[in-house]
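Visitor: Here is how the chains run, residue by residue.
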Amino acid sequence: MKKLINKPEDVVTDELNGIVAAHSDLVRVHFDPNFIARADAPVKGKVGVISGGGSGHEPMHGGFVGMGMLDAACPGAVFTSPTPDQMLEATKAVNGGAGVLHIVKNYTGDIMNFEMAADLARAEGIEVEAVVTNDDVAVKDSLYTAGRRGVGVTVLAEKMCGAAAEQKRSLKEVADVCRKVNGQGRSMGMALTSCTVPHAGKPTFDLPEDEMEIGVGIHGEPGRKRMKLQTAAEITEMLAGPILDDLPFKSGDSVLAFVNGMGGTPLIELYVVYNELAKICAGRGVKIARNLIGSYITSLEMAGCSITLVKMDDDLLRLWDAPVKTPGLRWGV
Amino acid sequence: MKKLINKPEDVVTDELNGIVAAHSDLVRVHFDPNFIARADAPVKGKVGVISGGGSGHEPMHGGFVGMGMLDAACPGAVFTSPTPDQMLEATKAVNGGAGVLHIVKNYTGDIMNFEMAADLARAEGIEVEAVVTNDDVAVKDSLYTAGRRGVGVTVLAEKMCGAAAEQKRSLKEVADVCRKVNGQGRSMGMALTSCTVPHAGKPTFDLPEDEMEIGVGIHGEPGRKRMKLQTAAEITEMLAGPILDDLPFKSGDSVLAFVNGMGGTPLIELYVVYNELAKICAGRGVKIARNLIGSYITSLEMAGCSITLVKMDDDLLRLWDAPVKTPGLRWGV
Amino acid sequence: MPISRDAVLDWIKAYADAIAANKDYLTQLDSDIGDADHGVNMHRGFQAALTKLPGVADKDIGTILKTVGMTLVSTVGGAGGPLYGTLFMQMGAATPSKQELTLADWATALEAGINGVIMRGKAQLGDKTMVDALTPALAAIKEATANSASLSGALQQSAQAAEQGMKDTIPLVARKGRASYLGERSAGHQDPGATSSHLLLKTAADTWAGAS
Amino acid sequence: MPISRDAVLDWIKAYADAIAANKDYLTQLDSDIGDADHGVNMHRGFQAALTKLPGVADKDIGTILKTVGMTLVSTVGGAGGPLYGTLFMQMGAATPSKQELTLADWATALEAGINGVIMRGKAQLGDKTMVDALTPALAAIKEATANSASLSGALQQSAQAAEQGMKDTIPLVARKGRASYLGERSAGHQDPGATSSHLLLKTAADTWAGAS
Ligand SMILES: Nc1ncnc2c1ncn2[C@@H]1O[C@H](COP(=O)(O)OP(=O)(O)O)[C@@H](O)[C@H]1O
Ligand SMILES: Nc1ncnc2c1ncn2[C@@H]1O[C@H](COP(=O)(O)OP(=O)(O)O)[C@@H](O)[C@H]1O
Ligand SMILES: [Mg+2]
Ligand SMILES: [Mg+2]
Ligand SMILES: [Mg+2]
Ligand SMILES: [Mg+2]
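Residue numbers (this note's numbering), protein chains in the order written: chain A, 108 to 440; chain B, 108 to 440; chain C, 632 to 843; chain D, 632 to 843.
Derived by calculation from the structure, the hints in this document are not laboratory data.
For glycine and all other residues, C-beta sits at the position ideal for the given N, C-alpha and C.
Be careful, since some hints might not be right.
As the list claims (entries may be wrong) - Example chain A residues on the side facing chain C (calculated, C-beta under 10 Å, incomplete): (1) Asn113; (2) Lys114; (3) His137; (4) Gly152; (5) Asp217; (6) Thr252.
As the list claims (entries may be wrong) - Here are the simulated distance ranges between beta carbons: (7) A/Asp317 - D/Glu815: 36 to 42 Å; (8) A/Asp248 - C/Gly819: 56 to 62 Å; (9) A/Pro355 - B/Asp422: 51 to 57 Å; (10) A/Arg425 - D/Lys753: 27 to 33 Å; (11) C/Pro802 - A/Lys151: 42 to 48 Å; (12) D/Ser728 - A/Asp317: 52 to 58 Å.
What the hints assert, rightly or not - Dumping the calculated PhoX-like pairs for lysine-lysine here, alpha-carbon to alpha-carbon at most 25 Å: (13) B/Lys357 - A/Lys114; (14) B/Lys432 - A/Lys432; (15) A/Lys114 - C/Lys654; (16) D/Lys654 - D/Lys683; (17) A/Lys309 - B/Lys309; (18) B/Lys247 - D/Lys683; (19) A/Lys109 - C/Lys654; (20) C/Lys683 - A/Lys309; (21) B/Lys275 - B/Lys114; (22) A/Lys109 - B/Lys386; (23) B/Lys309 - A/Lys335; (24) A/Lys151 - A/Lys199; (25) B/Lys332 - A/Lys109; (26) A/Lys114 - B/Lys114; (27) D/Lys683 - B/Lys309; (28) C/Lys683 - C/Lys644; (29) A/Lys309 - A/Lys114; (30) B/Lys114 - A/Lys332; (31) A/Lys332 - A/Lys247; (32) B/Lys394 - B/Lys357; (33) B/Lys357 - A/Lys309; (34) B/Lys247 - B/Lys357; (35) A/Lys109 - B/Lys275; (36) C/Lys683 - A/Lys247; (37) B/Lys275 - A/Lys386; (38) B/Lys432 - A/Lys394; (39) A/Lys199 - A/Lys432; (40) B/Lys114 - D/Lys654.
Just need the whole structure built from these sequences, with the hints factored in.
Guide: Here it is in structure tokens:
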């Protein structure tokens with residue numbers, strides 16, 4: 108295992124201390140239970156927007172705490188959803204009197220832990236709404252299974268919900284933005300290599316030098332199928348095709364296109380993929396109105412990428428363009 | 108070789124087309140000879156700031172073209188400095204009448220190609236100054252060798268020179284900012300893994316699972332020495348110690364601290380390193396006034412990191428804080 | 632001799648040891664069809680629970696079990712935290728003020744715990760989860776009770792049923808939890824949660840072998 | 632029979648072929664002590680040069696060599712581009728209007744080219760660069776001329792001297808170019824630029840074996 112870490116059991120604490128050292132102008136880190144909150148939380152009269160999940164996906168979620176995005180984020184152990192007490196304390200810390208939105212990625216653990224936290228927060232008199240993101244088209248959706256995973260859409264929803272909350276929209280309205288982004292967003296990912304969970308010490312799966320996994324999530328879990336390595340054009344088609352067909356995205360639609368690196372993929376490759384994606388969208392008459400290219404929702408050092416498309420309307424475009432000031436995403440200010 | 112590419116010979120063109128597709132609001136890409144220029148170049152009366160180098164270091168330099176940073180960047184083939192005609196054409200394209208600064212990393216190839224370009228540009232009546240960055244303390248400096256490599260300082264110099272140029276400072280003044288940043292900046296890097304040059308098809312060097320290279324540059328070249336893998340604390344000390352001693356940075360100094368990922372290193376590890384760096388600086392009484400944490404000057408998919416420290420003064424702090432709007436670095440606007 | 636409070640404490644300690652010994656094994660199983668953390672997660676939770684035991688060692692069994700459950704909820708995270716947390720909290724709720732457990736008490740506690748797990752996780756038998764080990768274990772205890780088996784005999788049979796249930800998860804295609812994302816590719820692997828649940832019942836049978 | 636213009640064209644084509652055949656070898660050498668691109672860079676440049684040859688095939692040798700040099704400058708990049716570009720441009724500048732080259736012409740051209748390389752790159756003999764192959768090759772030609780050797784014999788000797796110079800780079804610690812960053816670790820490896828320079832002179836000797 109090759110990592111820039113001290114001890115596997117200290118990774119998350121060391122990282123959080125790094126955030127304290129680097130970003131005390133923007134955020135405040137609370138330890139035990141662990142959460143990262145805006146330096147100025149709670150913002151009076153504003154809906155608090157929080158999320159959380161296992162660590163290992165940086166900058167998500169902690170890197171998105173700040174003006175115009177999240178009010179707090181709860182990091183769990185690596186790839187392990189955080190515990191209810193983390194979300195409960197974060198919820199209390201960011202409640203400015205207008206209620207708190209929980210953005211929850213659809214994983215059994217995240218759902219259950221966030222549910223317990225919401226119950227506890229409501230018992231303390233805080234209004235809480237939870238919206239679950241489940242945008243991964245690699246997973247067959249069904250009432251009888253755990254359903255689709257929440258992946259790339261989460262980042263985009265956090266941005267747009269954060270902007271809506273800054274506008275002092277109500278809890279229901281901010282939650283509606285989240286539901287809309289999730290409802291109009293689809294993602295799919297692939298891996299060139301596995302990643303290594305620090306505690307496990309060895310790669311979660313082995314992938315021969317000429318093979319790749321299509322349809323992976325963000326936890327180093329194997330994907331839907333393994334196949335021979337292909338060109339960027341073919342890979343992009345394998346990801347974008349199912350995404351475009353699923354919603355479906357139609358000619359004339361205006362989209363936010365997000366090409367995401369898994370943590371070990373350099374930017375040059377993401378631009379190669381974006382180039383293919385732009386061609387595919389153009390071929391279907393889908394207009395890319397905005398884009399985001401970079402490693403924002405990662406799987407430790409996994410090499411690979413994911414694509415997310417969200418169908419945009421004027422309100423969403425304005426929310427996307429609104430100022431944001433976080434360690435991981437910043438513009439307009 | 109596992110990469111998201113089509114053909115090795117098409118990587119740079121595909122990437123540039125990706126930039127066209129993604130960032131036409133910010134930049135314009137010229138092909139044959141290849142360069143990326145600000146959409147609004149030339150800016151009348153402003154010094155043009157350009158740089159260039161081999162590809163494979165993204166977002167440097169192309170990702171730093173835009174308001175407040177570079178006016179143009181010339182991408183060569185992967186790890187191969189660009190040719191004089193690229194820099195000549197870029198120089199002409201960004202010359203707003205106040206002259207053009209060439210920021211050149213100290214590599215034999217870059218120096219010679221930029222020199223030829225400067226000669227040609229001057230022959231066409233354009234005032235050109237070239238400043239060479241050479242901040243890598245891993246390389247023993249000497250009059251009789253190629254000298255130190257230009258690495259992390261280059262990114263920071265491009266930002267601060269770009270800001271100085273926006274203020275309409277003269278060519279000499281902008282060049283002075285570059286000389287100051289380079290003179291007060293030092294860097295050192297390390298690798299956990301090699302990278303693979305697309306054309307070569309296999310890793311430039313082999314590194315056993317329990318070893319690392321200390322003192323690497325940004326071209327996948329082996330470093331000064333190979334040793335057993337150590338903890339983040341030990342590695343950070345091995346990089347920061349020589350940097351701090353070299354200038355030397357003294358108690359009371361105010362610095363910009365830059366922890367850079369080599370392309371295959373996830374953000375969580377960079378924060379672990381930053382945490383160690385902050386402790387080391389605090390221990391020496393060196394105050395970190397600003398920081399930059401992320402993968403900004405990379406070696407394809409190499410895993411590893413580099414550290415850069417620049418001693419700051421009030422003018423440099425203002426230049427660092429000034430607005431910048433590029434695909435790779437953005438704030439204040 | 633029914634199961635004493637000290638025997639309950641011993642069981643929890645023995646289970647913490649069993650988890651420690653099987654940490655890498657459970658994580659390996661979770662690598663194959665999950666995210667490689669089940670052993671690490673359970674270990675973190677039960678090590679935390681161990682530190683809480685001295686504070687409740689003189690309390691009733693219900694309090695002890697609830698304390699373990701709450702500790703798991705606040706230290707494990709993932710799916711395992713709420714599920715094992717709920718299992719223990721509900722077992723505790725079903726054994727208020729108890730200083731010892733008869734076979735019937737234990738069956739009641741286990742049933743309450745399993746119902747809690749099913750309420751929380753909504754898994755059914757055959758979904759390839761810990762429920763596939765727990766449910767047969769409960770059925771075996773009930774059957775043993777109906778057949779007037781001894782306490783230790785009933786525990787033995789429930790452990791065996793859990794083991795069978797655990798092994799029966801191998802060919803299943805997962806419908807709940809992270810393994811479900813793999814679809815057909817989840818078949819051929821033993822579920823990590825069913826494995827840790829089997830260990831729980833096996834440890835009970837071993838620790839309480841002298842009970843009757 | 633001196634070296635005709637067509638023989639010069641043949642030499643450039645043969646060298647482009649030699650580079651193509653040795654592309655991976657040169658890149659491998661550059662992996663060991665550089666950045667793994669020397670073969671690829673040279674190949675890109677000489678393939679580009681080939682496309683320029685038809686346009687100058689009826690021009691004098693000086694024009695042909697200058698055209699190759701300018702093409703290398705604008706297509707190779709890296710250290711190799713300006714260095715090999717300068718080598719050819721200076722060789723061209725030293726052979727204006729020539730339709731054929733005598734041994735003396737060739738020695739003059741080579742000397743001008745090498746001086747250009749040294750002016751540009753500031754490397755000295757023993758710095759572990761292409762200069763270590765070129766300089767002995769020129770010395771050998773001069774010596775052969777002094778000894779009234781035949782043209783083909785002189786070319787042969789210069790190729791051999793270049794080969795020896797190339798091999799002699801192996802134990803050297805690099806002081807110029809990318810390999811210098813490695814310090815002592817650069818010793819024990821053959822310099823890629825010296826290798827491509829040896830190929831250049833070997834191709835000349837082979838292509839012009841019939842000249843006298
Ligand atoms: N909905 C569910 N109901 C019951 N058990 C479940 C459910 N989802 C997952 N599990 C169990 O949890 C185990 C995984 O636990 P763990 O690895 O700790 O959590 P995570 O899946 O969040 O990483 C699975 O092996 C399975 O037995
Ligand atoms: N200053 C110099 N003078 C002469 N030759 C040099 C000099 N620097 C480098 N070289 C030659 O260039 C070769 C490397 O060329 P190449 O790999 O194409 O360029 P780069 O080093 O920019 O990647 C070296 O092997 C060496 O022979
Ligand atoms: Mg997990
Ligand atoms: Mg090179
Ligand atoms: Mg797991
Ligand atoms: Mg090279």
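Visitor: Each hint needs a verdict: does it hold in this structure or not?
Guide: Hint-by-hint comparison with the structure:
Among the interface hints, the one on A/Asn113 is violated; its C-beta lies about 17 Å from the nearest C-beta in chain C, farther than the 10 Å criterion. Here the hint on A/Lys114 is broken, as its CB sits about 13 Å from the closest CB of chain C, past 10 Å. At its closest, the beta carbon of A/His137 sits 15 Å from a beta carbon of chain C; the interface hint therefore is violated under the 10 Å criterion. At its closest, the beta carbon of A/Gly152 sits 31 Å from a beta carbon of chain C; the interface hint therefore is violated under the 10 Å criterion.
The interface hint given for A/Asp217 is met, as the beta carbon of that residue sits about 9 Å from the closest beta carbon of chain C, less than 10 Å. The beta carbon of A/Thr252 comes within 5 Å of a beta carbon in chain C, closer than 10 Å, and the hint placing it at the interface holds. A beta carbon spacing of about 37 Å between A/Asp317 and D/Glu815 agrees with the range 36 to 42 Å that was offered as a hint. Between A/Asp248 and C/Gly819 the beta carbons are some 24 Å apart, a value that contradicts the proposed interval 56 to 62 Å.
Our hint of 51 to 57 Å for A/Pro355 and B/Asp422 holds, since their Cβ atoms are close to 55 Å apart. The supplied range of 27 to 33 Å is broken by A/Arg425 and D/Lys753, whose beta-carbon atoms lie about 58 Å from each other. Distance hint for C/Pro802 and A/Lys151: a CB-CB separation of about 57 Å, inconsistent with the stated range 42 to 48 Å. Range check, D/Ser728 to A/Asp317: about 56 Å between beta-carbon atoms, so the 52 to 58 Å window is met.
For a cut-off of 25 Å, the pair hint linking B/Lys357 to A/Lys114 is broken: about 31 Å separates their Cα positions. Taken as a hint, the B/Lys432 and A/Lys432 pair is honoured in the structure, with Cα atoms around 14 Å apart against an allowance of 25 Å. A distance of roughly 17 Å separates the Cα atoms of A/Lys114 and C/Lys654; the hinted pair therefore holds under the 25 Å criterion. Restraint check: the Cα-Cα separation between D/Lys654 and D/Lys683 comes to about 21 Å, which is no more than 25 Å; the hinted pair holds.
Only pairs whose Cα atoms come within 25 Å are accepted, and A/Lys309 paired with B/Lys309 is accepted, the gap being roughly 23 Å. For a cut-off of 25 Å, the pair hint linking B/Lys247 to D/Lys683 is broken: about 42 Å separates their Cα positions. Distance check on the hinted pair: A/Lys109 and C/Lys654 sit about 21 Å apart at the alpha-carbon level, within 25 Å; holds. In summary, the hint linking C/Lys683 to A/Lys309 is not supported, as the alpha carbons are separated by about 32 Å, beyond the 25 Å threshold.
Straight-line distance between C-alpha atoms of B/Lys275 and B/Lys114 comes to about 43 Å, which puts the hinted pair past the 25 Å bound. For the hint linking A/Lys109 to B/Lys386, the alpha-carbon distance of about 23 Å falls within 25 Å, and the restraint holds. A distance of roughly 18 Å separates the Cα atoms of B/Lys309 and A/Lys335; the hinted pair therefore holds under the 25 Å criterion. Distance hint between A/Lys151 and A/Lys199 is fulfilled; the C-alpha atoms sit about 13 Å from each other, no more than 25 Å.
For the proposed pair B/Lys332 and A/Lys109, the alpha carbon gap of about 17 Å is at most 25 Å, so the pair holds. Among the hinted pairs, A/Lys114 with B/Lys114 is inconsistent with the structure: their alpha-carbon atoms are about 40 Å apart, more than 25 Å. Proximity of D/Lys683 to B/Lys309 is assessed by CA-CA distance (about 32 Å); at most 25 Å being required, the pair is judged violated. Between C/Lys683 and C/Lys644 the CA atoms are separated by roughly 11 Å; this keeps the pair inside 25 Å, and the hint holds.
The suggested pairing of A/Lys309 with A/Lys114 holds, with an alpha-carbon distance near 14 Å, which does not exceed 25 Å. A distance of roughly 24 Å separates the Cα atoms of B/Lys114 and A/Lys332; the hinted pair therefore holds under the 25 Å criterion. A hinted pair counts as satisfied when its Cα atoms are at most 25 Å apart, and A/Lys332 with A/Lys247 qualifies at roughly 13 Å. At roughly 10 Å between alpha-carbon atoms, B/Lys394 and B/Lys357 fall within 25 Å of each other, so this suggested pair holds.
Of the supplied pair hints, the one linking B/Lys357 and A/Lys309 is violated, its CA atoms being roughly 42 Å apart against a limit of 25 Å. At roughly 21 Å between alpha-carbon atoms, B/Lys247 and B/Lys357 fall within 25 Å of each other, so this suggested pair holds. Note on A/Lys109 and B/Lys275: the hinted pairing is violated, with a Cα-Cα distance of about 47 Å set against a maximum of 25 Å. A threshold of 25 Å between alpha carbons decides the hint, and for C/Lys683 with A/Lys247 the separation of about 42 Å lies outside it, so the pair is violated.
Of the pairs offered as hints, the one joining B/Lys275 and A/Lys386 is violated, with about 40 Å between alpha carbons and a cut-off of 25 Å exceeded. Using a Cα cut-off of 25 Å, the hinted pair B/Lys432 and A/Lys394 holds, with the two alpha carbons roughly 24 Å apart. For the suggested pair A/Lys199 and A/Lys432, the alpha carbons sit about 22 Å apart, so the restraint of at most 25 Å is met. For a cut-off of 25 Å, the pair hint linking B/Lys114 to D/Lys654 stands: about 17 Å separates their Cα positions.
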